[in-house]
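Q: Listed below are the residues making up each chain.
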Amino acid sequence: MKRWISLAAALYPRSWREQYGTEFDALLDDVKPRWRVFANVLGGAITMQMKNGTSWMKLMAATAALGAIVSGWMSYRVPPRYESSALVGVTPQPDPLRPASPQVLRQRALQRFMQSASRIQSRQGLAAIINDPSLNLYPAERRRTPLEDVENEMRRNIHIEARLEARPSQNGGLNPLVFGVTFSYPDKAKAQATVRVLTGKLSEENRMMTLLSANSYNELWRAVHLAKPVPAPPPGDVVGVLDAPSLPKQAPGPNRLAFVASGLGAGLLFGLLAALTIRHPRGARKLAGFALVGFVLAAAASFLIPNRFTATAVMEVVPPVLTEDPLAPLPPATSAAEFLRQIEPAVLSPENLSRIVEDPRLKLHSDSREIARDIRIAPLSPGSGAFSISFSYRERKTAVDTVNALISFFIQESVFRVRQNADRMTVIQREIESRRAAEYLDVIDAPTVPPIPESPSRSLVALAGLGAGLLIGAFSLRLRQPIAAGVSATML
Amino acid sequence: MTDPALLILASLADGDKHGYGMMLDIRQFAGVELGPGTLYGAITRLVEAGWIRPIESDDRRRPYCITALGRTHLHEQMTRLNHVAKTALGRLKHA
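One line per chain: the protein sequences are V and Y, in this order. In terms of the working numbering, the first sequence opens at residue 40 and continues consecutively. In terms of the working numbering, the second sequence opens at residue 13 and continues consecutively.
Treat the hints loosely; a few may be bogus.
Unchecked claim - Here are a few chain V residues that sit away from chain Y, every Cβ distance over 10 Å (derived from the structure):
1) Arg-75
2) Ala-84
3) Met-87
4) Ala-103
5) Pro-119
6) Pro-138
7) Pro-172
8) Ser-173
9) Ala-228
10) Leu-286
11) Ser-420
As the list claims (entries may be wrong) - What follows is a set of in silico ranges between Cβ atoms, one per label pair, in the way DEER data are often shown:
12) Y:Val-44 / V:Trp-112: 26 to 36 Å
13) Y:Arg-72 / V:Leu-510: 44 to 54 Å
14) Y:Asp-28 / V:Ala-78: 23 to 33 Å
15) V:Gly-328 / Y:Ala-100: 22 to 32 Å
16) Y:Ala-25 / V:Trp-112: 36 to 46 Å
17) Y:Ala-100 / V:Asp-64: 41 to 51 Å
Hint data in this document are derived by calculation from the structure and do not stem from the laboratory. Using N, Cα and C, we set each Cβ at its ideal position, and we do this for glycine too.
Pulled out of the complex, with its shape left as it was, chain Y reads as follows (with noise of 0.2 Å):
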């Protein structure tokens, strides 16, 4: 799973985070290393599309968190993926 946006919403699931602290939980639970151009321009559409937003905060690196939509969302993608993988690995075991 290398797709920016679901790899953001799954850093946020667990807390809000900024986005150098995105950067570095995607690269500890995926091992992906997203840039900071890729990293914003996924931010940017996910924030456009509602399923994260950002928190009120004094300092410069703003924290954002996951809405309920996102969560939906973040659900719905990873029940499919789940039972993608569940499928595969079933073919595979009897091959």
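One chain only, chain V, in its complex shape (with noise of 0.2 Å):
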């Protein structure tokens, strides 16, 4: 502290430190150093700075140094993250007896891969890795904070996606898809064991759909074809780990630039406010008293706003296990951008969206365009198999029930496609219909709200009330009395 104390001092203008320096040295030796006693020098600093015909420009740039400089100090004092990672390589399995084209067997692996870590990253899936004691991942955060921010917050940290470099091939066959899990976290060792965690639940995700993929073929081939024998049900990918997960060494720091930038405009501002403040006392009062009005209405008047609350859910697309002819191979998988290209149009028809606004449960106050509007529905990311469906709406349990009849449009438009295809199908007609011979919807999260409403956002609209009072107070001066030049000093 008595260094920072120092510092403050030596921002005096030169001519006074000539005359008073030493004893004002010695002052600083007496006293007791506090944060208190640092922040009166520095005020003084600045004060006899303004007062000794020190310009604008050269205040300003004073308190952006020592922003820039507190700041660049800070950044060495946030906690580090570190990151584990590890990879991951997806083996499509070529099928003898569907033989198919390495792209397609790539583009199914790449989907059923993605589908596995939209499940994991899914409520469920991330509540059970959050709850998992031998973890104890954000003990603090639990506490605080509801499970679903919890959870959203773990999402940030995890990152899995394809890597673009090629690894040779193991067994002469197809070569490996590549994927980079990674995890972020304050503990180094829980990030490594958090990511040996989910490289685990990803090779049993992918078993588990094997195994639920080939039982649902055979119990249809037995259905459709009764005493014949059941021939091979197409293979799953073998999913194993390339790279054990990394114990970091170095946490990377946080990014120090944008921490200094922050530091020298936080600077740029203090200045030109100290600057005001020293050479118009008067007005900068009537300033921050516009400003303060402004901030105290603004903030009372975010209350009358109506709060918005966003239901969200996300369903994935499962693609189909099945074919005409149970020996041809299995068509490329359907991305759920394409697939909602396919279907969405005829979910959000005008019918639907009529029959949504006249059901009495919902007790919706809006037209069919309104509701339109306030729907989204996006894919997770490129080339996911999941996609989210959302709803903004006054109401919470509004909100969750009108995701909840979107959710079953989408489902009955993917039966009427499945019964389509098995109409095709003359062979396994109706036995068709609960089995998957074209893509079926899967929920991985039901539609919640978050407890907080969306929007409006209180402290925005109080900041853009403070905003806006220092803008007529601003206006009010210059009406009022233009801000002179010159600067007398208070004296008694």
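Taking the hints as your guide, dock the two standalone chains into a single complex.
A: Below is the structure:
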């Protein structure tokens, strides 16, 4: 602290320091070094600079430099975050009974893997990892915030993505698709343990999907062909860890450049305000008054704006496991974007929107056009088989119920598509309706609404009020008394 | 009374003092804790006005004394303050 006070004392004008510097330093040696003393000395230095005829620009440059130094120092105090990463290889298995091009096999493997990743990153999947006592992740956050917020935080810290680098084939067959799995966390051992859990779950999820798909195929074959021997179902992919989760030695520090830049900006603003306050104390007081009134009024007004809650659900497109000829190759997988392009116009048809509006249980007070405007449907990521459905409304329950209605429309449409495909499959007939002859939809995350409304953002409205107050204040000052260039020193 | 300049003049009225001495004295008689920046801002203005002046010293802690002009100013201010105080107290008594 003593160093900071000395630094502030050095900011006094040179001519002043020549006259008073020695005795002032002696006084600083006598007083107890505290933050209050630092602030007082810094304030004195700025005041003295202004009264010494120092230009606004010089003052602002000094405060900006100080801001940059302080923020640069703070950037070293930010707790580090360690990032552990692993490489997972997914090798599509060729099917001798139903030969398909390597491109189709790779595309299906990619989508199946992304499907597993979406399931692991679903609310239920993340809750299982967060509540794992052996990991004990986010203990402070779990005490402070609802589990849903902690899940969102964890989702932001996980990255599962396809890597471009090609790995040599191990068995002379198809090259594995390579995926990077990373997790960042303040504790390096926990970061590594979590990546280990994630890779394990990815492998397990793949095994389960292969098993379920084979069971479904076998059951269907027996139902249709009765006594005929069941041919081997399409094989699943082989998921294996290529590079084990790393134990990060060094944490990548925060973006120090951003820290310094923000300190620089804050210092500039502070310098400008200080210059204004010292040169025009009455005007500055008036400006502060206007800003305060604007802030209070806007904060009060924000409570009059109706709340809006956003309910969000996540669904996934599960690819078909069967074709008309059980020995024919499976068609290429459909991405969520492609699936939505085909199905969304039917789901959001004017008839369906009218059904939502007229449903007395939903209690919606909007017309079809307004509802269509507040519905958001989008793939979770490019190439992913999962997509989200959101709806914003002023009542939480209505928002959730409307998303549920949309989910049922999606499922109706997908069943309709299965039936269309099944009708073409004359052999399998009605059996196929409940089976997987076309893409079917699964709900990964049921719709929920966070307890805090998405809008209005009260702090943002209050800040806007503060800005408006400042503007009105500045305008009124300009009208009443043009800001004088000079300043009279306040003498007693 | 919290005006730093008047507090400094009042402190120097009973003898010469250096900066830290003034701080301790003011805290004792007025219960006001002046920060180093505030104290030296006021000292600078008082020296410029000619109401106090530094005393030559070999010590790093340079003492100050009040000038005749400073005494007159302090007297005027205190008389005015005394008048205001008496008036206010009298009105409170009759209210």
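Q: Decide, hint by hint, whether the structure agrees.
A: Each hint, compared with the structure:
{"no.": "1", "hint": "Arg-75", "result": "violated, 7 Å"}
{"no.": "2", "hint": "Ala-84", "result": "violated, 7 Å"}
{"no.": "3", "hint": "Met-87", "result": "violated, 7 Å"}
{"no.": "4", "hint": "Ala-103", "result": "holds, 20 Å"}
{"no.": "5", "hint": "Pro-119", "result": "holds, 37 Å"}
{"no.": "6", "hint": "Pro-138", "result": "holds, 84 Å"}
{"no.": "7", "hint": "Pro-172", "result": "holds, 52 Å"}
{"no.": "8", "hint": "Ser-173", "result": "holds, 54 Å"}
{"no.": "9", "hint": "Ala-228", "result": "holds, 47 Å"}
{"no.": "10", "hint": "Leu-286", "result": "holds, 50 Å"}
{"no.": "11", "hint": "Ser-420", "result": "holds, 56 Å"}
{"no.": "12", "hint": "Y:Val-44 / V:Trp-112: 26 to 36 Å", "result": "holds, 33 Å"}
{"no.": "13", "hint": "Y:Arg-72 / V:Leu-510: 44 to 54 Å", "result": "holds, 50 Å"}
{"no.": "14", "hint": "Y:Asp-28 / V:Ala-78: 23 to 33 Å", "result": "holds, 30 Å"}
{"no.": "15", "hint": "V:Gly-328 / Y:Ala-100: 22 to 32 Å", "result": "holds, 28 Å"}
{"no.": "16", "hint": "Y:Ala-25 / V:Trp-112: 36 to 46 Å", "result": "holds, 45 Å"}
{"no.": "17", "hint": "Y:Ala-100 / V:Asp-64: 41 to 51 Å", "result": "holds, 43 Å"}
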